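Novice: Put together the whole structure using the sequences plus the hints.
In the numbering used here, the protein residues as written are 5 to 268.
Each hint should be verified, as a subset may be incorrect.
[Unchecked claim] Computed Cβ-Cβ distance ranges for the label pairs, DEER-style:
id	residue 1	residue 2	range
1	A154	R192	36 to 46 Å
2	V93	R192	29 to 39 Å
3	V125	G226	16 to 26 Å
4	L107	A149	22 to 32 Å
5	P117	A245	20 to 30 Å
6	E150	G97	21 to 31 Å
7	A153	L225	15 to 25 Å
8	G180	P105	37 to 47 Å
Calculated from the structure, these hints are not laboratory results.
Quick caveat: nothing in here was measured; it's all calculated off a predicted structure.
Ideal Cβ positions, reconstructed from N, Cα and C, are used throughout, including at glycine.
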Amino acid sequence: MRVRTVLLATGAAAVAAAAAYSFAIRPWWRTWGVEPDEAAGPLPGDDLVVDATVVETRGVDIAAAPDRVWPWLVQMGYDRAGWYSYDVVDMRGGSADRIVPALQELAVGDRVPTSPDTGFVVKVLDPGRALVLYSDEEQVAAQVAEAKAAKEAGGAVRETPANLKAAVAMMPPMPGFAASWAFVLEPRDGGRATRLVERFRVRMPAPEGPAATALGTAFGLGVFAMTRRQLLGIRDRAERAGAPEPAAEPAATEPHPEPPAEPA
5 MRVRTVLLAT GAAAVAAAAA YSFAIRPWWR TWGVEPDEAA GPLPGDDLVV DATVVETRGV
65 DIAAAPDRVW PWLVQMGYDR AGWYSYDVVD MRGGSADRIV PALQELAVGD RVPTSPDTGF
125 VVKVLDPGRA LVLYSDEEQV AAQVAEAKAA KEAGGAVRET PANLKAAVAM MPPMPGFAAS
185 WAFVLEPRDG GRATRLVERF RVRMPAPEGP AATALGTAFG LGVFAMTRRQ LLGIRDRAER
245 AGAPEPAAEP AATEPHPEPP AEPA
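Specialist: What follows is the structure in structure tokens.
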């Protein structure tokens with residue numbers, strides 16, 4: 005009787021935890037920083053993965069004009085300026101804290117690296133307004149094959165750091181995978197501030213079994229944590245760079261000499 009009571013209590017707790025996750029935690033991380041209408045509204049790049057199984061939209065307000073925010077987006081990427089997140093997970097070294105002029109040229113079709121061999125491809129580039137990146141199973145396979153061929157032909161070998169190997173091992177390639185990643189800037193306060201909205205649309209197979217479900221949940225939480233840190237990292241950098249320079253102290257001046265007294 006006692007064992008049965010414990011089992012029933014454990015089962016009820018598990019059901020309650022699953023319900024809390026489904027109705028509170030997961031929706032929160034998938035819409036962090038945005039209102040319901042903002043999360044549901046259309047954004048550039050939505051048509052790249054029309055059959056997405058997961059859609060996550062997040063946002064942050066930035067006290068800097070869009071033209072102050074845009075350069076930080078353009079220079080993103082592994083072995084570029086970084087992702088402005090937890091660098092120990094996705095970078096070699098640290099993310100930049102300054103605008104890098106040499107990394108400000110970006111065009112549709114360019115690769116934004118996520119590792120020495122792979123990366124997203126730029127699909128939408130509307131300067132000062134929208135940057136949309138894309139990746140899918142075939143694209144990644146082609147990039148890996150290209151890197152392998154270059155190495156076999158005697159090209160420079162760029163080793164993948166251990167932190168990236170560990171991240172890839174957690175979530176191996178999935179059949180049918182496709183993802184778009186949008187960063188959209190909307191002017192606020194007469195153009196003096198910016199609303200940065202990020203949207204991640206992904207198509208992936210449904211997890212099969214408790215282990216796969218748990219792994220998918222852990223991966224989703226990890227993506228949220230990294231992306232939240234990234235948005236805050238962009239905000240902090242843009243606000244620091246966009247802050248007005250402190251007013252210079254007025255130069256000290258010598259008092260004007262008294263005019264000489266007129267002779268009596």
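Novice: All hints are to be evaluated individually against the structure, with a verdict given for each.
Specialist: Going through the hints against the structure:
no., hint, in the structure
1, A154 to R192: 36 to 46 Å, "holds (45 Å)"
2, V93 to R192: 29 to 39 Å, "holds (31 Å)"
3, V125 to G226: 16 to 26 Å, "holds (23 Å)"
4, L107 to A149: 22 to 32 Å, "holds (26 Å)"
5, P117 to A245: 20 to 30 Å, "holds (24 Å)"
6, E150 to G97: 21 to 31 Å, "holds (24 Å)"
7, A153 to L225: 15 to 25 Å, "violated (36 Å)"
8, G180 to P105: 37 to 47 Å, "holds (40 Å)"
Violation of the numbered hints given earlier is confined to hint 7; every other hint is satisfied by the structure.
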